[in-house]
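> Chains as they are written, first to last, in this note's numbering: chain V, 1 to 100; chain A, 1 to 132; chain U, 1 to 359.
Keep in mind that a hint or two might mislead.
[What the hints assert, rightly or not] Residues of chain V clear of chain U, computed beta-carbon distances all greater than 12 Å:
| id | residue |
| --- | --- |
| 1 | Lys15 |
| 2 | Ala40 |
| 3 | Cys43 |
| 4 | Cys46 |
| 5 | Gly47 |
| 6 | Thr61 |
| 7 | Lys63 |
| 8 | Asp65 |
| 9 | Trp68 |
| 10 | Lys87 |
| 11 | Arg97 |
[Claimed, not checked] Per the computed footprint, the stretches of chain V lying under chain U, defined by three or more beta-carbons under 8 Å from a beta-carbon of chain U, are:
| id | stretch |
| --- | --- |
| 12 | 23-37 |
| 13 | 70-80 |
In short, the hints are calculated from the structure, not lab data. As the structure is a prediction and not an experimental result, all values here were calculated from the model. By construction, the Cβ of each residue, glycine as well, lies at the ideal position given by its N, Cα and C atoms.
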Amino acid sequence: MFSLIGNVFKNLRSKYATRLYPYEVRESFTGSRGKLEIDADVCIYCGICSKRCPANAITVTRKPDKTWTLDSYRCIVCSYCVDACPKKCLHMNAKHRSQE
Amino acid sequence: MINNVENITVDCLLDKVASKLPLGFRFVTMTCVDCGEHFDILYHFDKNYELTNFRLSLKKGEPLPSISGLIFAALVVENEIQDLFGIKVNGLALDYEGRFLLTETAPEKPLCRVPGVMIVEAGKPAAAAEVK
Amino acid sequence: MAKNTIIPFGPQHPVLPEPIQLRLVLDEERVVSAIPVVGYVHRGLEKLAEQKDFLQDTFLIERICGICSFIHSLTYSMGIESMMGLTPPPRAQYLRVIWSELHRMHSHLLAVGLLADAFGFENLFMQLWRTREHIMDAMEATTGARVMLGTCCPGGVRKDIDPELLKFILTTLVTVEKEMDEQMPVLLNDYSVKQRLCGVGILDKQTAYERGAVGPTARASGISMDLRTHGYAAYGELGVEPMVETDGDCYARTKVRVRELYQSMNIVRKAIGQIPAGPINVPFKTKPDGEVVMRAEQPRGEVLYYLKGNGTDMLERLRVRTPTFANIPPVLAMLAGCELADVGVIVISIDPCISCTER
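Construct the entire structure; sequences and hints are all you get.
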């Protein structure tokens, strides 16, 4: 019946088990999939990323202007577009989107 | 490709299923596929990690006899087939009458191809947010 | 003269993680029978899978369930490889085993934590979920995401694990084992826990086999059934024994899960020791054609995938039969004759994953 008493005293004595967010923020792991970013100068607007996206989050137009748009609310950060891009201009940033 | 498939008809369905049970086979599940003119209903049985299957061809509009009298566990998947494909199943131990998974406002028999419901693929969103 | 009353259990109940309704027919305080009402989380994923091509379906299939998601995509990839005649390289098979077993550990820790919460032991629930966080960190460091890993694909895996990350997994497992050695004796030997779990919800072997129980629910009733012994992925070289108990009550189901946690740790350690070098996926150009039935062992039991392709990008039919779908008839057998206060514990002891059931 008193098997967890040792655990309780240890918890009372030691420091916080949780981080005091937002004063202390955890470093993301490298390779973490947070949000999608594009290097706009290298993009050739071929549209392959838009065809591969499982969630239809990317829109690429060629006429009348060349645009590349991402709907961040649809993106599921699967990084399928990152692997598919022939010019390797897409990459994943490790930090997640914050409220702006 | 599936090994070990035996084609059966509606009349001998209950006898074939009843013959498997005393041999120690366990009922796994049923699968329904819409092949255009008819439905293909597959029954999967398992013993010692080997699957044995029956394939039943059912013409559209014909009812299906239920095996839930012999195998209680089959009623869950037969109710699901009744909802999603619109096949009438006779003799269910517990009949939900088409409301097992779908609500009153849901489309009717959504997985059936003709006449069923075709989902229009959502086009690229018009007012997309900019990349942050 | 007794009158039967019918009361609803769910769909919103503090004990349930997902909505399911059980209409309980009661005679005073005893349950006579129960009628399940499902359909609260039906998303029509089988229909959606026919609208996307078979490579995009890998990401859709992972999202059927949030707890057993890697093994869904593993079974789907194995099915597509069987239709196209591909064999993934050995390193990819070992990586798939490592991620599957890490997923199984996080799922079992979640399940026993929820069971402790179901009978009110919140301290133990929080401690078990804190142990689970170490495993989520290991998954995020190796794949980039905590739950929806996105690494298994037809042909192999998408990401490799380099030797420092393998060492990180091993140090994580050392911490996890130390914490589990403190917590598991409390879960299994505490007096009040045993009062709530022993002798509750008994399922005997014959009923379990006839009603189609799978996974720990079946193994706790004495049926020795574990698909990993069949040897898919790299399990043939690693050797897995099913953990079987004979009592068939909630205590036996919990004990099976605890033993499987220690077994998964040993499998991960063995796999990291034996992993060969080499490529991680094999390229392909063909499209899926024909039909195939593929099975694997999820944390909750046996999952069955039926895939039918017709030579084009889109699959013609994708059917999933998840283990909780098969465990619902045994639960109805367990509930007959139990007390009303035990209904929550019995339902959680089979580890229900309702979003898997209804897709």
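> Hint by hint, say whether it matches the structure.
So, going through the hints one by one against the coordinates:
Every beta carbon of chain U lies more than 12 Å from that of Lys15(V), the smallest distance being close to 14 Å; the non-interface claim holds. Distance to chain U confirms Ala40(V) as a non-interface residue, since its nearest Cβ pair spans about 23 Å, more than 12 Å. With 12 Å as the threshold on Cβ separation, the claim that Cys43(V) sits away from chain U holds: the shortest Cβ distance comes to roughly 22 Å. No Cβ of chain U comes within 12 Å of the Cβ of Cys46(V); the nearest lies about 18 Å off, and the non-interface call holds.
The Cβ of Gly47(V) lies farther than 12 Å from every Cβ of chain U, with a closest approach of about 16 Å, so its non-interface assignment holds. Listed as outside the interface, Thr61(V) is consistent with that label: its C-beta sits roughly 22 Å from the nearest C-beta of chain U, beyond the 12 Å cut-off. With a cut of 12 Å on Cβ distances, Lys63(V) stays outside the contact zone with chain U, its closest approach being about 26 Å. Here Asp65(V) stays apart from chain U, with its beta-carbon at least about 28 Å from theirs, past the 12 Å limit.
Once the 12 Å rule is applied to beta carbons, Trp68(V) is consistent with being away from chain U; the minimum gap is 20 Å. For Lys87(V), the shortest C-beta to C-beta distance to chain U comes to about 19 Å, beyond the 12 Å cut-off, and the non-interface label holds. The non-interface label for Arg97(V) is consistent with chain U: the shortest C-beta to C-beta separation is roughly 15 Å, beyond 12 Å. With 4 residues carrying a beta carbon less than 8 Å from a beta carbon of chain U, the stretch 23-37 of chain V meets the three-residue requirement, and the given coverage holds.
Given as covered by chain U, the stretch 70-80 of chain V passes the check, having 5 residues with a CB less than 8 Å from a CB of that chain where 3 are the minimum.
Against the hints set out earlier in the document, no violation occurs for any number.
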